[in-house]
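Mind docking chain Y on chain C? Use the hints.
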Amino acid sequence: MTETDPAPAPQAVDPRLLEILVCPLTKGPLRYDPERGELVSERAGLAYPIRDGIPIMLPEEARRLDA
Amino acid sequence: MPRMAETAPFDRRLLRLRRDRAARTVPRVMPLLEAVAELLLDRLNDTTRRFHRALEIGGRGAIAPRLSARGIGLVVSADLSAAMAARAGGVAVAADEEALPFAEGSFDLVVACGSLHWVNDLPGTLLQIRRLLVPDGLFLGAMPCLPTLSPLRLALAEAEAGLRGGASPRVSPFPELQDGAALLQRAGFALPVADRERLDLVYRDPLALLADLRAAGEQSALRARDGRTPPRALFGAALAALPSPLRPGLELLVLTGWAPDPARQPKPARPGSATARLADALGTVEHKAGERAAPPEA
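Chains as they are written, first to last, in our numbering: chain C, -13 to 53; chain Y, -17 to 280.
Isolated chain C (complex conformation):
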């Protein structure tokens, strides 16, 4: 349960959370990518990681989509 390696372990996010999460920068919708374990904000061009089932909704931790 204390897996910390960067390989995206597909850990389930509480579905009730997925319903209400938005991009913190644009407040726009997010697309859940269960394979990569990411929440993607197309408008901000950022993918927010999910680590140990916890969405990390911090822009400085997000992956840039154009990179």
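No lab work stands behind these hints: they were computed from the structure.
Any given hint could turn out to be false.
[Said to hold, decoys possible] Using 20 Å as the maximum straight-line C-alpha spacing, the simulated SDA-like pairs for lysine to any residue come out as follows:
1) Lys13(C) with Gly106(Y)
2) Lys13(C) with Val116(Y)
3) Lys13(C) with Lys270(Y)
4) Lys270(Y) with Leu260(Y)
[What the hints assert, rightly or not] Label-pair distances were calculated between CB atoms; the ranges are:
5) Asp161(Y) with Thr12(C): 29 to 37 Å
6) Leu260(Y) with Leu4(C): 55 to 63 Å
7) Leu11(C) with Arg259(Y): 50 to 58 Å
8) Pro227(Y) with Arg29(C): 53 to 61 Å
9) Thr12(C) with Arg178(Y): 34 to 42 Å
10) Glu21(C) with Pro250(Y): 51 to 59 Å
11) Asn27(Y) with Leu11(C): 35 to 43 Å
12) Pro227(Y) with Leu11(C): 42 to 50 Å
13) Arg22(C) with Leu159(Y): 41 to 49 Å
All values derive from a computational prediction rather than experimental measurement.
Backbone N, C-alpha and C define an ideal beta-carbon position, used for all residues, glycine too.
Just chain Y now, kept in the frame of chain C:
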């Protein structure tokens, strides 16, 4: 929007690091955090409203279990530190109070206990919180206010002035009670109330106070703090100047506000909507504005 990174008083990155580290040590200060949580959540007893979807911010394990125990079905725990959020007791999210990642109207209760005093843009954060609430949703917040930690602040400043001929801020600036209601009003909350609670703490040893602050992740995250290593004598001199036992005086600013809901909240009646005359109720004669009362007849 102005970029505030250069002028913002708090270093949020440093704060996140502090809270990450404190995730392991926070059980040490749990009795204190729980006492604060009890004080704050006691306010829920003042309303007959039932809540179903709650967000708690910065609760560090003291808030979420108490909300669940009150029968609230969904409790989300947000913290700047993922490690802290993970042990907070609710459905965990790492989130920045200054850029909250929730859709409008997601919650009917938001409780922010113990992190708002590290927020750079407090009016902006309160506005975002208000938008997360459904109409008639409740916001409860608690943060330290002055004169919390004043003896420590003074002792450090005096000791540093003596050693270096100048002082740098080493204790977070806290808001004052007067700021509270204005902040709520500015964020558009209805029925805003700001009041104060006091927790009397006694430390036999000032070092224990510093250790507790560290365990809670509450070391100063001021951007303007002096980056140089403080002189070895600084803390010794400051702590020696503190009275023993030490009463750091935790003063809490408690904020209560409701998301506006014209249908369910009391509001003043429209002018001209009265159905009875004031003069009748008072048993007197009504005079037009500007008309002088006739002098009593001789």
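**Request:** Take the C-beta atom of proline 227(Y) and the C-beta atom of leucine 11(C), compute their distance, and say whether it sits inside 42 to 50 Å.
**Result:** Check passed, 48 Å falls within 42 to 50 Å.
Requested in this report: For the pair we were handed, lysine 270(Y) and leucine 260(Y), check the Cα-Cα distance against 20 Å.
Outcome: holds (13 Å)
* To do: Just tell me: holds or violated, for the beta carbon distance of arginine 22(C) and leucine 159(Y) against 41 to 49 Å?
  => Taking Cβ atoms as reference, arginine 22(C) and leucine 159(Y) lie about 48 Å apart, which means the hint holds.
**Pair hint lysine 13(C) and lysine 270(Y), alpha-carbon separation not exceeding 20 Å** = violated (55 Å)
* Asked: Is it true that aspartate 161(Y) and threonine 12(C) lie within 29 to 37 Å of each other by Cβ?
  -> holds (30 Å)
Next on the checklist: Looking only at beta-carbon atoms, does the pair glutamate 21(C), proline 250(Y) fall within the given range of 51 to 59 Å?
Outcome noted: Taking Cβ atoms as reference, glutamate 21(C) and proline 250(Y) lie about 56 Å apart, which means the hint holds.
#### Entry: Pair hint outcome, lysine 13(C) versus glycine 106(Y) [Cα-Cα no greater than 20 Å]
holds (14 Å)
Q) Does 55 to 63 Å hold as the CB distance between leucine 260(Y) and leucine 4(C), or does it fail? A) Distance hint for leucine 260(Y), leucine 4(C) holds at roughly 57 Å.
query = Lying within 50 to 58 Å: is that true of the beta-carbon distance leucine 11(C) to arginine 259(Y)?
reply = Given about 57 Å between the Cβ atoms, the range holds.
> Between threonine 12(C) and arginine 178(Y), does the beta-carbon spacing fit 34 to 42 Å?
Replying inline: With a Cβ separation near 38 Å, threonine 12(C) and arginine 178(Y) satisfy 34 to 42 Å, so the hint holds.
- Query: Holds or violated: lysine 13(C) with valine 116(Y), Cα cutoff 20 Å?
  - Reply: Distance ~16 Å between lysine 13(C) and valine 116(Y) Cα, so the pair holds.
Do the beta carbons of proline 227(Y) and arginine 29(C) sit within 53 to 61 Å of each other? holds (56 Å)
Hint 3 from the list above is the single one not met by this structure.
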